[in-house]
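So you can see what is in the structure, the chains are spelled out below.
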Amino acid sequence: MSHASRRKRLRYSHRRRNPPGSAPGTLTVDPSARPSQASLIAYQAQTYHESPAAAIDELLQASTPPEIRWVNVEGLGDVKLLQSLGQRFGLHPLALEDAVNVHQRPKFEDYQGHLFFIVRMPLPSPANTTANTTTVATPNSSPSSSLEEMQRFHSEQVSIYLGPQFVLTLQELPGDTFNSVRKRLRTEGSQFRRLGADYLAYTLIDSVIDAYFPVLEHYGELVEELELAVVENSSPNDILKIHALKRDLLSIRRALWPMRDMLSAILRDDTPLIQDTTRLYLRDCHDHTIQLIDMVETYRELTSGLVDIHLSSVSNRMNEVMKVLTIIATIFIPLTFISGIYGMNFDPAASPWNMPELRSPYGYVSVIAAMTVIAAGLLGWFKYKGWLG
Amino acid sequence: MSHASRRKRLRYSHRRRNPPGSAPGTLTVDPSARPSQASLIAYQAQTYHESPAAAIDELLQASTPPEIRWVNVEGLGDVKLLQSLGQRFGLHPLALEDAVNVHQRPKFEDYQGHLFFIVRMPLPSPANTTANTTTVATPNSSPSSSLEEMQRFHSEQVSIYLGPQFVLTLQELPGDTFNSVRKRLRTEGSQFRRLGADYLAYTLIDSVIDAYFPVLEHYGELVEELELAVVENSSPNDILKIHALKRDLLSIRRALWPMRDMLSAILRDDTPLIQDTTRLYLRDCHDHTIQLIDMVETYRELTSGLVDIHLSSVSNRMNEVMKVLTIIATIFIPLTFISGIYGMNFDPAASPWNMPELRSPYGYVSVIAAMTVIAAGLLGWFKYKGWLG
Amino acid sequence: MSHASRRKRLRYSHRRRNPPGSAPGTLTVDPSARPSQASLIAYQAQTYHESPAAAIDELLQASTPPEIRWVNVEGLGDVKLLQSLGQRFGLHPLALEDAVNVHQRPKFEDYQGHLFFIVRMPLPSPANTTANTTTVATPNSSPSSSLEEMQRFHSEQVSIYLGPQFVLTLQELPGDTFNSVRKRLRTEGSQFRRLGADYLAYTLIDSVIDAYFPVLEHYGELVEELELAVVENSSPNDILKIHALKRDLLSIRRALWPMRDMLSAILRDDTPLIQDTTRLYLRDCHDHTIQLIDMVETYRELTSGLVDIHLSSVSNRMNEVMKVLTIIATIFIPLTFISGIYGMNFDPAASPWNMPELRSPYGYVSVIAAMTVIAAGLLGWFKYKGWLG
Amino acid sequence: MSHASRRKRLRYSHRRRNPPGSAPGTLTVDPSARPSQASLIAYQAQTYHESPAAAIDELLQASTPPEIRWVNVEGLGDVKLLQSLGQRFGLHPLALEDAVNVHQRPKFEDYQGHLFFIVRMPLPSPANTTANTTTVATPNSSPSSSLEEMQRFHSEQVSIYLGPQFVLTLQELPGDTFNSVRKRLRTEGSQFRRLGADYLAYTLIDSVIDAYFPVLEHYGELVEELELAVVENSSPNDILKIHALKRDLLSIRRALWPMRDMLSAILRDDTPLIQDTTRLYLRDCHDHTIQLIDMVETYRELTSGLVDIHLSSVSNRMNEVMKVLTIIATIFIPLTFISGIYGMNFDPAASPWNMPELRSPYGYVSVIAAMTVIAAGLLGWFKYKGWLG
Amino acid sequence: MSHASRRKRLRYSHRRRNPPGSAPGTLTVDPSARPSQASLIAYQAQTYHESPAAAIDELLQASTPPEIRWVNVEGLGDVKLLQSLGQRFGLHPLALEDAVNVHQRPKFEDYQGHLFFIVRMPLPSPANTTANTTTVATPNSSPSSSLEEMQRFHSEQVSIYLGPQFVLTLQELPGDTFNSVRKRLRTEGSQFRRLGADYLAYTLIDSVIDAYFPVLEHYGELVEELELAVVENSSPNDILKIHALKRDLLSIRRALWPMRDMLSAILRDDTPLIQDTTRLYLRDCHDHTIQLIDMVETYRELTSGLVDIHLSSVSNRMNEVMKVLTIIATIFIPLTFISGIYGMNFDPAASPWNMPELRSPYGYVSVIAAMTVIAAGLLGWFKYKGWLG
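Residue numbers (the working numbering), protein chains in the order written: chain Z, 78 to 466; chain B, 78 to 466; chain D, 78 to 466; chain C, 78 to 466; chain R, 78 to 466.
It is worth saying that the hints were derived from the structure and are not from the lab. Wrong hints could be hidden among the right ones.
Claimed, not checked - In silico lysine to aspartate or glutamate, DMTMM-like type, Cα no more than 20 Å apart, as pairs:
id	chain 1	residue 1	chain 2	residue 2
1	R	LYS460	C	GLU135
2	R	LYS460	R	GLU397
3	R	LYS184	Z	GLU374
4	Z	LYS460	R	GLU309
5	Z	LYS462	R	ASP338
6	R	LYS460	C	GLU309
7	D	LYS462	B	GLU186
8	B	LYS462	Z	GLU397
9	D	LYS184	C	ASP338
10	R	LYS184	Z	ASP338
11	D	LYS462	B	ASP371
12	D	LYS460	B	GLU397
13	D	LYS460	B	GLU309
14	B	LYS184	D	ASP338
15	B	LYS460	Z	GLU397
16	B	LYS184	D	ASP371
17	C	LYS184	R	ASP338
18	B	LYS184	D	GLU144
19	Z	LYS462	R	GLU309
Go ahead and model the full structure; you've got the sequences and the hints to work with.
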């Protein structure tokens with residue numbers, strides 16, 4: 078399969094890798110999955126231990142109970158590692174299967190002994206990188222920009238398992254939004270270290286949700302740019318840009334709505350794994366998803382309105398073309414007719430009724446004058462109708 | 078009834094065969110129903126018995142209680158067989174009637190002594206067969222492809238009865254998505270055999286739902302292809318393809334939405350026939366239907382957006398045609414008028430006011446020059462307006 | 078009031094006959110109501126008694142308690158009869174008032190001592206009669222068919238009162254869908270006779286709902302026909318047919334949605350007048366209404382899509398017209414200009430600069446050749462642009 | 078403020094008269110409010126007393142407990158009167174404030190000691206007066222009818238206070254729909270007089286709701302007329318009529334939806350001020366609002382469909398214009414070109430190649446024949462394309 | 078960042094200032110936030126004390142318990158002040174963080190020991206200032222008015238903290254709608270002073286909600302003006318005005334919907350901090366938000382309808398242009414053709430078949446007469462088709 082067709086698939090077809098009919102709980106890894114790279118952070122109020130590239134034994138023996146362990150795996154290519162971790166932390170096979178099927182919607186599930194969250198982390202696409210710069214290049218300005226290249230929003234699935242004293246995160250790709258969390262953990266004497274594993278899980282979810290704010294800011298700017306572009310000199314291409322924008326906003330919406338439902342479900346759930354103080358923070362998180370959805374819906378409505386403006390502007394341009402044609406044709410067709418009359422070859426010699434004007438001394442002048450009057454009259458009429466300028 | 082009219086009926090009119098007013102519970106079989114072909118699989122942790130073409134007596138006596146029996150009937154043409162099975166397993170007459178009325182929506186019903194599920198299995202249409210190939214032929218590319226031939230999605234009704242230690246499946250047509258289930262059952266020592274009849278029922282439902290993933294992948298590709306087609310060289314035919322796509326997505330949606338409701342209903346139901354461990358798997362199944370619906374809704378929205386692109390592109394093409402006409406006419410109509418002027422037959426001999434230009438030595442050259450200037454001016458104006466190229 | 082204006086009123090304005098401000102419970106009969114015609118069926122497991130044209134006394138004294146009595150009244154013109162029946166069976170005045178106000182929505186109400194249902198029975202319109210034939214004549218093919226004649230769906234209000242051991246049905250018009258019920262009742266030793274009055278009421282409701290299936294089949298065919306018509310040679314009339322179809326589907330939807338709500342309400346209600354076994358049958362009925370609504374909604378969506386196809390096809394036709402004009406005009410206007418040039422009367426004798434071509438021996442041939450080249454070039458350009466064919 | 082601008086304000090801007098920030102419960106009367114005119118009806122099973130223009134003292138002392146008192150005030154200009162009544166009947170200040178802020182939505186509120194209803198009574202506009210006549214003048218047929226004059230639906234706020242043994246109604250304007258209620262009360266020995274104040278309140282609400290039926294009948298007729306107008310000879314004005322109709326239906330909908338919610342709220346409320354028998358009547362009332370809303374929604378959908386018909390008919394008209402132009406131009410432009418050819422002045426004397434046809438004896442006849450053939454061929458082609466007629 | 082780009086950001090991108098991944102509860106102040114300006118009002122039934130520019134110590138020591146203290150801070154630039162106040166009044170860090178992130182949606186949160194409200198106060202934009210004048214200048218009448226300048230609605234976030242005996246309000250900008258509240262508090266012996274802090278909080282919320290009424294009145298007028306403009310002489314600019322209006326109404330809607338949810342949440346909450354009497358007032362407030370939302374939704378629907386009118390009027394204008402062209406061209410093209418015929422140079426001398434008309438004495442007159450008849454006929458036909466005037 079070529080790279081291009083893979084990208085195409087990535088866009089719409091959210092494949093589950095397990096062939097239809099496999100036994101549930103089977104871990105069938107996508108051959109294109111990245112190799113797994115595990116890391117371990119273990120901490121307590123006073124202690125802190127970090128293994129950026131932890132070996133599997135280290136992960137499995139990381140079991141000094143009072144410490145909170147955070148195991149982070151980037152890349153889902155190593156089934157064995159995932160299975161060992163699953164056994165080590167007592168994860169349900171279905172929860173593990175969901176992690177490797179990377180087109181899941183965000184969700185929350187309460188298994189016995191551990192909680193399971195899926196979130197979707199926005200990928201550092203052009204959207205993210207340019208969002209923080211003030212000069213935003215006009216997107217897709219080159220005429221060769223195809224609809225496919227306009228696609229900007231991609232997200233990565235992150236599975237979070239929360240058990241007593243541990244958090245396990247499985248990421249599809251290397252690179253994440255968790256660096257600020259790591260930094261806060263590393264800070265000696267941080268309040269963070271005194272809080273439980275549930276607070277760590279909250280912080281991770283929060284950092285994912287926060288990452289949508291710059292993305293949406295960027296889309297807000299895109300909407301505005303497109304608004305101006307459509308209004309000022311609507312080109313046939315604009316409808317494609319509108320469509321691409323709609324498509325992206327639809328993708329973001331599909332990532333955010335279930336995230337909100339997930340947070341509502343957590344708030345309703347009465348699991349002892351989440352403490353009441355953490356619940357307050359999760360409520361705040363929930364508010365953020367609502368705010369994000371609000372923004373997406375606003376952009377979607379504004380983008381829909383742009384279709385009307387575009388169609389109206391296409392019609393108006395056609396109106397203008399028609400007016401030019403009508404003005405020119407309406408003025409010159411009658412004049413040409415008159416000149417045609419006097420181009421007829423009736424023989425004035427045959428009878429005094431045959432075009433006596435041709436021999437009248439002022440015939441030509443009168444005809445030119447008549448034509449001028451007609452042209453002026455028509456121009457005046459057009460002006461009256463407001464068709465000129 | 079001809080084959081064509083039958084296909085037509087199949088498309089929209091979901092006939093119930095029972096004439097209006099029949100007694101409820103009557104089994105009136107569609108004369109066009111396929112002959113019934115029954116098979117039996119009976120298993121226990123250690124034993125396994127399979128009769129691919131079971132006789133009715135065998136089915137009815139298949140009653141060694143600790144074994145789990147799965148009776149599968151393909152083709153609903155044999156009323157007697159169905160009635161015997163109904164009596165044998167104690168099925169409610171209404172549940173049996175629903176099985177032979179093959180245009181039911183998926184549903185779940187809890188009768189005393191047994192549960193009843195209806196699911197819709199996607200038929201192995203071109204959609205399924207081509208979905209796994211990477212080269213997808215442009216659909217409907219021949220100009221003769223009518224709207225009817227564009228129809229791609231069909232589904233078959235499968236009724237599943239789950240009682241203590243038995244599962245009965247009634248299928249409309251031969252061929253199904255259950256082969257992988259059979260294969261897993263045949264595997265000696267499989268964990269599967271140790272689980273109850275409810276797990277078997279779950280596996281069957283799951284295999285049906287899984288069969289929608291390749292179908293939707295295929296539709297995802299169709300949406301993309303259509304997107305590109307509409308954008309690049311929108312033909313009047315495109316609106317038909319969009320309509321056909323919408324129609325198919327609507328059919329899929331109609332199959333999937335009630336499937337989701339069915340699974341919610343099962344999860345809420347507190348029947349002892351389904352164990353808690355199986356419920357976890359059904360919850361997973363429920364998630365899959367949500368994911369499928371999410372995909373369908375996305376495709377539907379994208380397809381709707383294509384109508385706007387199509388209409389905009391039709392308008393733009395008309396704009397282009399108009400511009401060509403306007404440019405040509407606007408340039409040549411005034412020039413023709415001028416040539417008409419000098420084609421008038423006013424007699425220069427009659428008076429010095431009568432077309433003295435005709436005899437001027439540079440008259441012709443001046444007129445040609447004037448015409449060139451006018452044409453160039455108009456071209457420049459069009460260029461300024463951006464109508465050229 | 079003329080017949081035409083009455084029909085017009087019938088269509089949209091659902092008049093309540095009671096003048097605003099009348100005392101509630103007043104029976105004010107529509108002067109246009111049909112004369113009442115009552116019939117009585119009384120039965121028990123072993124006995125059966127039928128009076129096709131029962132006198133009022135017979136109805137009122139029909140009181141041998143263990144027998145189930147079904148009083149059916151066709152035509153609502155006889156207030157006295159209705160009032161006597163109301164008193165005889167202890168009906169609430171409001172329930173009786175609703176029966177004579179014939180534009181009610183289907184509903185279910187639980188009065189003390191009796192239940193009250195309103196259903197809407199589809200009238201045997203062309204829709205019904207042609208639905209069972211396979212050859213469906215193109216609807217509204219004559220150019221004189223007005224929008225009004227396209228109206229096809231009408232329904233009749235049927236009020237059903239269910240009390241202990243009796244069912245009273247009040248119909249707006251003679252003729253109904255109950256014949257199959259009567260036939261089943263007449264069958265000696267039928268299981269039906271052993272069941273209660275609630276089962277009779279269920280059967281009547283079921284027969285009304287079943288009558289919608291052929292109606293909707295017919296509309297499914299109409300949708301398909303219209304689809305083909307719009308696609309193949311969209312005429313300006315099509316939008317009217319689409320509108321008429323939408324209007325009918327809206328009417329059907331308005332009849333079916335409250336029917337579904339009515340059945341849900343019955344299922345939720347815990348009245349002792351309905352037994353649990355009958356409830357199972359009513360649940361089945363409820364499923365049928367959901368299936369019908371599903372069909373209506375599908376047709377409505379498909380019909381909406383037809384508007385887009387129609388508008389697109391109107392635009393495409395205009396495009397085609399414009400192209401013909403543009404091709405012809407663009408080819409001939411420049412050629413005519415050239416011929417105009419050589420029609421000018423500059424005197425070649427006056428100077429060698431004055432149209433020397435006119436006297437050149439190959440002038441005419443060259444001009445004709447030039448014209449041919451120009452025409453061919455333009456044709457080639459049009460071909461390149463895909464405007465030919 | 079001129080009258081016109083006041084009317085304009087009346088249309089959309091539902092002013093609350095209290096300046097932002099006033100203390101709640103303040104009675105600030107609109108300077109444009111009508112002077113108050115109070116009347117009193119007091120009755121019991123056997124007694125009846127009516128004061129059409131009651132003085133304030135009479136109202137305040139109207140306190141013989143077993144009698145039911147109905148105080149009706151038309152015009153809200155007299156703050157003092159309202160305040161005295163409020164004190165006399167123990168009304169909550171907020172309930173009184175709502176009565177003078179005349180752009181409230183219908184609502185129901187349960188204050189301690191009394192209930193409070195707001196309903197909106199349709200004003201006797203042209204809609205009402207013409208609704209009962211069979212000949213309905215074409216609305217807005219004069220070309221000068223502006224969008225503003227097309228506004229037809231206005232409603233008046235009526236506040237109803239129900240306490241033990243009293244009903245107080247405050248109306249914005251003189252004139253109401255309560256005359257039939259008064260008439261029924263005046264009837265000696267009427268059953269009405271035996272029922273409580275809650276029944277009186279129900280009757281008043283019912284008479285307001287009933288008043289919407291003729292209004293909606295009228296709009297049903299407007300929808301039909303517009304349907305026919307748009308279909309038959311769609312004029313550019315039609316879109317305005319459609320817009321005006323939509324606007325009116327929107328106003329009616331805004332009056333009816335909260336009325337339905339109000340009645341649901343009353344039915345759910347367990348206040349002792351409303352007896353169970355009256356609740357049955359209110360349930361009936363609730364059904365009527367549902368029926369009314371159903372009608373409004375149907376009209377709204379039909380009206381929306383008219384926009385499509387209108388746009389399609391505008392496009393079709395343009396198509397027709399274009400066809401005429403194309404047919405005429407396509408036939409005559411080539412012919413004119415041919416005549417232009419033979420109008421060229423190449424000198425046949427200069428060479429035998431120069432237009433020898435001009436001197437051929439049958440040249441003219443051949444050319445005329447060729448032109449006829451071309452014209453006929455083009456006409457045939459147009460006929461084949463279906464562009465003629 | 079330039080001022081223009083800042084304004085642009087303000088419009089759509091609701092930035093949270095905290096960089097993604099900050100610890101929750103961090104107070105990171107926007108560098109562009111206004112400097113804080115605090116004021117204190119403390120009152121009791123008999124005492125009243127107001128410090129318009131209170132120092133921080135005064136605020137912190139303002140603690141004589143029986144008095145109710147209202148601390149108002151305008152401008153959020155001073156983190157220290159906010160933190161001291163937070164500590165002083167025992168506010169939750171998350172509640173404080175929300176106050177400085179100024180793009181929150183209105184919400185209500187019940188923290189232990191205090192309640193937290195966010196409301197959005199409409200900014201005194203042109204909308205507000207012109208709303209109270211009767212002469213409303215045509216908006217955006219200058220051709221240079223860009224889409225951006227049409228933006229009219231902006232709102233400011235106000236955070237309200239309600240605890241036992243205190244209210245703390247944090248405003249984004251100086252200037253508010255609270256002056257009437259202050260005035261009422263200053264009034265000696267006012268009932269207001271006797272009520273609790275919850276009543277003060279209610280009054281503040283109420284004054285914010287009331288401030289939307291004049292804003293919406295203004296938008297009602299804008300909708301009407303636009304309606305008239307679009308109907309009377311629809312200009313291409315109108316679609317932009319419609320879009321700007323839609324955008325503003327969307328913004329208002331986004332401010333009001335969560336305000337309604339907030340009030341519902343307060344009414345459902347059983348906090349002891351709000352007394353039952355105050356709840357009645359809050360219910361009134363809730364009604365006002367419903368009324369406001371109702372207005373917004375109505376305006377939104379009307380504005381949507383304007384798009385149809387605009388598109389229809391664009392099409393109608395094009396129709397008119399086309400008609401003029403068609404009439405002129407259709408009349409003169411055939412006439413020009415006839416004159417072209419008689420301009421051909423066939424030599425009448427060569428044969429009697431060659432244009433004998435040219436030498437006929439009445440040839441010219443006949444041709445002119447024929448032309449007149451043709452022109453008249455065509456004009457008559459156009460008149461019959463209704464294309465003239």
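Status of the hints after comparison with the structure:
For the proposed pair LYS460 of chain R and GLU135 of chain C, the alpha carbon gap of about 72 Å is over 20 Å, so the pair is violated. Distance hint between LYS460 of chain R and GLU397 of chain R is fulfilled; the C-alpha atoms sit about 14 Å from each other, no more than 20 Å. Taken as a hint, the LYS184 of chain R and GLU374 of chain Z pair is honoured in the structure, with Cα atoms around 18 Å apart against an allowance of 20 Å. Distance hint between LYS460 of chain Z and GLU309 of chain R is fulfilled; the C-alpha atoms sit about 18 Å from each other, no more than 20 Å.
Taking the CA atoms of LYS462 of chain Z and ASP338 of chain R, the gap is about 52 Å. The hint is violated against a cut of 20 Å. For a cut-off of 20 Å, the pair hint linking LYS460 of chain R to GLU309 of chain C stands: about 18 Å separates their Cα positions. With a C-alpha separation of about 61 Å, the suggested pair LYS462 of chain D and GLU186 of chain B falls outside the 20 Å cut-off, and the hint is violated. The suggested pairing of LYS462 of chain B with GLU397 of chain Z holds, with an alpha-carbon distance near 11 Å, which does not exceed 20 Å.
For the proposed pair LYS184 of chain D and ASP338 of chain C, the alpha carbon gap of about 18 Å is at most 20 Å, so the pair holds. Distance hint between LYS184 of chain R and ASP338 of chain Z is fulfilled; the C-alpha atoms sit about 18 Å from each other, no more than 20 Å. Of the pairs offered as hints, the one joining LYS462 of chain D and ASP371 of chain B is violated, with about 41 Å between alpha carbons and a cut-off of 20 Å exceeded. Proposed proximity of LYS460 of chain D and GLU397 of chain B is supported: the alpha carbons are some 15 Å apart, at most 20 Å.
With a C-alpha separation of about 18 Å, the suggested pairing of LYS460 of chain D with GLU309 of chain B holds against the 20 Å cut-off. Proximity of LYS184 of chain B to ASP338 of chain D is assessed by CA-CA distance (about 18 Å); at most 20 Å being required, the pair is judged to hold. The hinted pair formed by LYS460 of chain B and GLU397 of chain Z meets the criterion: a straight-line CA distance of about 15 Å does not exceed 20 Å. Between LYS184 of chain B and ASP371 of chain D the CA atoms are separated by roughly 14 Å; this keeps the pair inside 20 Å, and the hint holds.
At most 20 Å may separate the alpha-carbon atoms for a hinted pair to count; LYS184 of chain C and ASP338 of chain R meet this at roughly 18 Å. Taking the CA atoms of LYS184 of chain B and GLU144 of chain D, the gap is about 38 Å. The hint is violated against a cut of 20 Å. In summary, the hint linking LYS462 of chain Z to GLU309 of chain R is supported, as the alpha carbons are separated by about 14 Å, within the 20 Å threshold.
Going down the numbered hints, you'll see the structure goes against 1, 5, 7, 11, 18, while the others check out.
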